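Enquirer: The residues making up each chain are set out below.
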Amino acid sequence: MDNLLSVNGLIMDFGGLRALEDLDLHVKKGEILALIGPNGAGKTTFFNCLTGIYRPAAGDICLTTPGGSMSIAGLPPHVITKKGIARTFQNIRLFPNMTVIENVMAGRHCRTNTGIAGAIFRGRAAVKEELEVVERSYEIIKKAGLARYVNELAKNLPYGEQRRLEIARALATEPLLLLLDEPAAGLNSRETKELDMLISEIRDLYKISILLIEHDMKLVMSISDRVAVMDYGKKIAEGRPDEISRNSTVIKAYLGEEFVA
Amino acid sequence: MINFSDIKKSLLISVWFMFLTFPIMVIRVNPIDKIVEWRWLNMILVGAASFIASFAWKHYFDKKEKGKSVKTFLKSGHTVFINNIADKKRFRLSFAFILFASAIIFPFIFSAYQVNIITTALVYVVLGLGLNIVVGIAGLLDLGYVAFYAVGAYSYGLLNHHFGLGFWAVLPAGALIAALFGILLGFPVLRLRGDYLAIVTLGFGEIIRITLENWNEFSSGPSGIANIQRPSLFGLELSLQSAAVYIYFLMIALTLFTVFVVKRLQNSRIGRAWLALREDETACEAMGINKTKTKLSAFALGATWAGMMGVMFAAKTTFINPASFTFHESAMILSIVVLGGMGSVSGVTAAAFVLILLPEYLRAFSDFRMLFFGAILVIMMIFRPQGLVSGARRAYRFNKADDKI
Amino acid sequence: MGKRGRNLHRDIILKFNFDSVRFMEYFFELLLGGLTRGSIYALIALGYTMVYGIIELINFAHGEIYMIGAFTALIVASLLTIYGFHGVSILILASVAAVIYSSAYGFTIEKIAYKPLRRAPRLSPLISAIGMSIFLQNYVRLAQTSDFLPFPSLIPEFGFMRDYEHIFSSAELVIFIAAALIMAMLTFLVKLTRMGMAMRASAQDRKMAMLSGVDVDRVISVTFITGSALAAVGGVLIASHIGQINFSIGFIAGIKAFTAAVLGGIGSIPGAVLGGFFLGWAESFATGYVSSDYEDVFAFALLVLILIFKPEGLIGRSKANKV
Amino acid sequence: MLELIDVEAHYGNIRALKGVNISLSEGEIVTLIGANGAGKTTTLMAVSGIVPASAGEILFMGKPIHELTPDRIASLGISQVPEGRHIFQRMSVMENLHMGAFTRRDRKEIKRDLEYVFELFPVLTERRHQQGGTLSGGEQQMLAISRALMARPKLLLLDEPSLGLAPKIVKQIFEIIRKINREHNTTVFIVEQNANLALQTADRGYVMENGSVVLSDECSKLISNDKVREAYLGI
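As you go down the protein sequences, you meet chains C, W, R and E in turn.
When you number the first sequence by my numbering, it's gap-free, plus one each residue, and the end is 261.
When you number the second sequence by my numbering, it's gap-free, plus one each residue, and the end is 405.
When you number the third sequence by my numbering, it's gap-free, plus one each residue, and the end is 323.
When you number the fourth sequence by my numbering, it's gap-free, plus one each residue, and the end is 235.
Any given hint could turn out to be false.
[What the hints assert, rightly or not] Derived contacts from chain W toward chain R, CB cut-off under 7 Å, selection only:
| id | residue |
| --- | --- |
| 1 | A226 |
| 2 | A331 |
| 3 | P385 |
| 4 | L388 |
It is worth saying that the hints were derived from the structure and are not from the lab.
Only a predicted model underlies this, so the values are computations on that prediction, with no experimental measurement involved.
Here a beta-carbon is modelled for each residue, glycine too, at the ideal position from N, C-alpha and C.
Take these sequences, add in the hints, and give me the full structure.
Expert: Rendered as structure tokens:
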């Protein structure tokens with residue numbers, strides 16, 4: 001099987017309210033899978049379960065890393081990131097008072113290991129590692145088209161660039177799977193097009209899988225290999241973009257019954 | 001600029017404050033002798049001061065609100081910025097050299113009294129820098145920082161008293177014990193949210209102080225420990241005068257060491273993790289940073305410096321008792337960090353000097369010192385939460401070919 | 001068994017009976033003492049809880065408002081004594097002055113130190129509050145004195161209490177009754193009045209309260225004023241009971257009342273009352289049976305333990321964090 | 001009745017509204033549709049005064065309201081049912097309804113309106129002493145609308161009333177919205193993602209993208225507009 005991530009029977013409750021109901025989802029290696037569905041369908045909750053912010057009530061999340069398959073359900077967030085899942089947030093959560101490069105360098109944290117002593121004495125290993133961190137981070141920043149902002153504080157960046165920086169920071173953790181939570185929200189059509197290109201480029205360059213939540217259907221249809229649709233915490237459809245856009249259940253969930261003309 | 005309605009408003013405010021401060025500022029009764037003292041002058045002073053202050057308040061407040069809506073993003077200023085830093089570097093170097101030279105000559109020109117005052121100020125510089133790691137960089141509001149200072153001081157006092165251990169042996173030991181305390185206390189509390197953490201650390205600080213006050217067998221209670229050994233120089237006992245100079249130089253060295261370490265930490269992997277933690281805990285975890293470990297390391301490291309300074313303090317004064325380790329001491333160190341600018345090394349250093357030296361040299365001021373500290377905390381939070389010197393971030397330079405540093 | 005043996009036996013029984021009477025008396029003394037203490041803690045804790053409920057701020061300066069209430073009462077009471085007033089009239093006038101002034105301070109502090117920071121990061125208003133607390137302590141210290149001042153005992157002794165005075169004094173009775181009355185009034189205010197409804201609405205969902213036409217700034221002001229008035233009453237009662245005050249009494253009392261508020265679940269009004277009594281009893285029994293040296297350590301330790309292991313308090317709700 | 005003229009609004013550094021022009025006449029049902037993050041909610045919040053307009057004007061019955069505080073705006077007769085309903089969780093249904101009538105003092109009329117609301121949503125009658133937080137999603141939405149009605153609004157703002165509700169309940173709620181509009185001549189402004197339903201309910205519609213209005217027309221025309229169809233399912 002070439003599944004990178006398999007989710008089986010995932011259930012999540014919030015005080016009696018079932019946010020996720022028996023959710024199954026598989027992400028293949030190297031694919032871009034879009035997760036769509038009306039507001040409140042449980043998409044972000046699902047992301048929070050995947051990244052360890054919420055602990056699912058039941059079900060299994062299995063990640064296949066080069067070191068073998070493992071269950072990651074219920075692990076703390078930083079461990080999950082280290083295993084290879086990185087994410088961005090629906091409402092941008094950068095480190096606003098750190099510079100652009102520092103934001104990305106913070107993403108390298110889990111792939112480096114200089115300790116306090118190393119930081120103080122700056123031994124050869126520490127210096128080498130720090131140089132490598134700077135170089136790799138700058139590399140990613142260039143790729144994300146943010147080179148001219150390197151030393152700018154993150155909070156001073158224009159909105160669209162902040163979205164890109166969040167992706168860059170997530171990439172710095174060297175993920176196998178990148179989760180993007182509404183990356184195009186609030187972007188204009190030019191910025192959305194640029195984002196479209198960036199996401200495909202990232203996938204090809206780093207050979208990773210991408211799972212994204214998105215409402216911008218144009219973007220979803222153009223970049224995703226497959227689309228999964230959620231409604232009321234359940235997956236109601238899954239398939240190629242063209243299949244999904246013709247699927248009557250999906251149209252009903254999205255536009256209301258009468259739209260199916 | 002100043003119009004009639006503003007004046008009317010300020011007058012009302014001034015009347016309100018005269019009313020508000022009336023019983024406490026104007027009346028003083030001696031209940032035993034049944035004498036009432038009316039201090040009407042105070043009322044006039046309050047009225048005048050609040051009238052003027054309300055104008056200043058309004059002025060700065062409007063300015064701050066206006067500043068918010070103006071965007072500060074500079075697009076073309078990027079290269080200029082880097083040049084600036086290069087220029088600054090040369091300037092900084094010469095400045096540092098002059099500072100260092102005058103620090104060396106200082107004890108040979110001024111009296112032991114003056115030297116002592118500067119030594120005290122340096123102790124607070126280091127304490128400020130230590131707390132700055134916890135509060136300024138990692139964003140964990142620690143209101144019980146003085147507890148670690150006390151741990152250091154009592155480590156030296158007790159180890160010296162009971163086992164005759166010398167300063168040089170206890171300096172690292174005290175630091176280590178304080179760090180251990182930091183971890184010990186840190187472990188359970190680090191799950192807590194910001195404001196709860198603040199209260200719990202305050203509680204720990206008070207627990208330690210009250211315990212020291214009441215556990216007579218262990219700490220000799222409120223009377224404290226006297227006759228603590230001064231640091232010796234290669235086994236030589238020094239006179240009072242030369243000991244002061246010796247401690248002064250020790251403090252200079254320790255301060256430089258602290259600045260060096262804090263600077264290095266700040267721009268390291270650990271420092272970035274601390275900053276990230278301060279900025280956004282959830283995003284921090286999502287970046288693979290272990291929250292608990294990062295918080296603990298900040299806590300322990302902050303405690304280390306406090307412990308070291310505790311040892312230094314005990315060695316300097318040769319006498320310690322719990323009264324030196326009250327919450328007010330914590331508040332003072334916090335004022336230094338807040339005034340100096342959270343996260344800024346030079347700001348904290350400057351603030352420590354200002355806040356410690358001002359009351360020393362302006363005797364009239366020293367009565368008002370705590371009043372002043374309280375006001376600083378409030379005013380800084382409202383008008384300049386980033387402190388006097390905002391912690392500028394390190395700029396990384398890449399050449400045109402887009403290569404490394 | 002000889003005569004001597006029998007006597008010894010009787011002695012032991014007598015001694016035991018006597019001890020058990022003493023034991024019960026001592027127990028009741030502690031129980032009622034804890035009740036008094038607890039009602040004072042509850043009065044002050046209510047201010048913390050109400051403010052926290054609405055703006056999620058630990059109002060560090062709340063203890064100082066209590067202290068200023070006590071000081072104002074002391075000044076007014078001394079003045080009145082010098083001018084020849086007597087007994088209960090002094091108590092009433094001094095309490096009224098204390099309530100007015102504490103409320104005025106509470107109102108002003110909110111406007112200066114907290115209102116400008118409504119949208120600031122969480123720690124900013126807390127640091128501001130700490131600053132305010134330090135400022136007020138030293139303001140009173142400089143304007144008045146740093147010595148302990150004797151506080152006249154304003155609470156009269158009742159004839160009918162004479163027989164029980166060694167267990168439960170008249171002053172304690174008055175404190176308990178006053179506290180209970182005030183808490184009942186507060187419950188009425190919060191549950192049944194329009195302002196109370198606005199307070200609860202603002203505490204639960206500030207934005208929605210605004211959308212419903214609630215002037216939230218005003219509600220916050222009223223909350224500060226109410227909380228401060230309660231603290232002032234607490235200040236007068238305890239000062240009159242203990243008999244001396246100085247500028248620093250607010251700090252410890254504040255921390256303890258905060259402990260009480262957290263104990264019951266901060267933000268919850270019945271919780272604050274419950275927490276107050278719990279802490280009062282806990283302290284009373286601990287100092288009575290263990291050691292009085294560590295009275296304050298005990299409160300702090302309780303605070304630390306509660307915050308670490310059950311931060312939502314004994315009857316509070318936990319809050320899920322939102323991402 | 002309500003007029004937004006070149007309204008701009010900021011969230012921190014982000015310009016969320018970039019010159020919005022919308023106008024509503026009395027008795028109309030108007031809808032505002034658009035993708036997530038387009039600025040629909042911000043528009044409503046600007047009308048209610050929660051997010052201050054940084055430029056432009058908002059007029060209500062001819063008078064500027066963009067500098068008033070939210071409570072003043074509410075007392076003028078503008079009620080909002082915010083996204084996510086925002087029921088007062090620890091208040092009973094009755095108390096929630098009384099909160100809706102917070103700006104009113106006419107007790108008798110309030111009583112009458114209570115009866116009217118219970119007639120509109122009979123489920124709430126059974127639940128009147130239950131805590132708001134214990135209601136189901138649909139009941140909460142009904143309560144939220146009822147609460148807004150208790151203010152006797154001249155203008156009712158609804159933010160995503162269909163969010164997270166089963167289709168059957170959504171339909172029911174939209175019918176009641178129409179009924180309220182008919183019976184009281186209340187002007188209704190609906191922000192929706194569920195474009196189709198909103199367009200079928202409303203008289204006129206606006207389409208929003210990136211903080212500005214890109215399209216406005218009669219609903220019947222918008223519904224068959226290719227652009228609208230494309231924006232909603234990329235067909």
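Enquirer: Of all the hints numbered above, which does this structure not satisfy? Sort the numbers upward.
Expert: Failing hints, ascending: 1 and 4.
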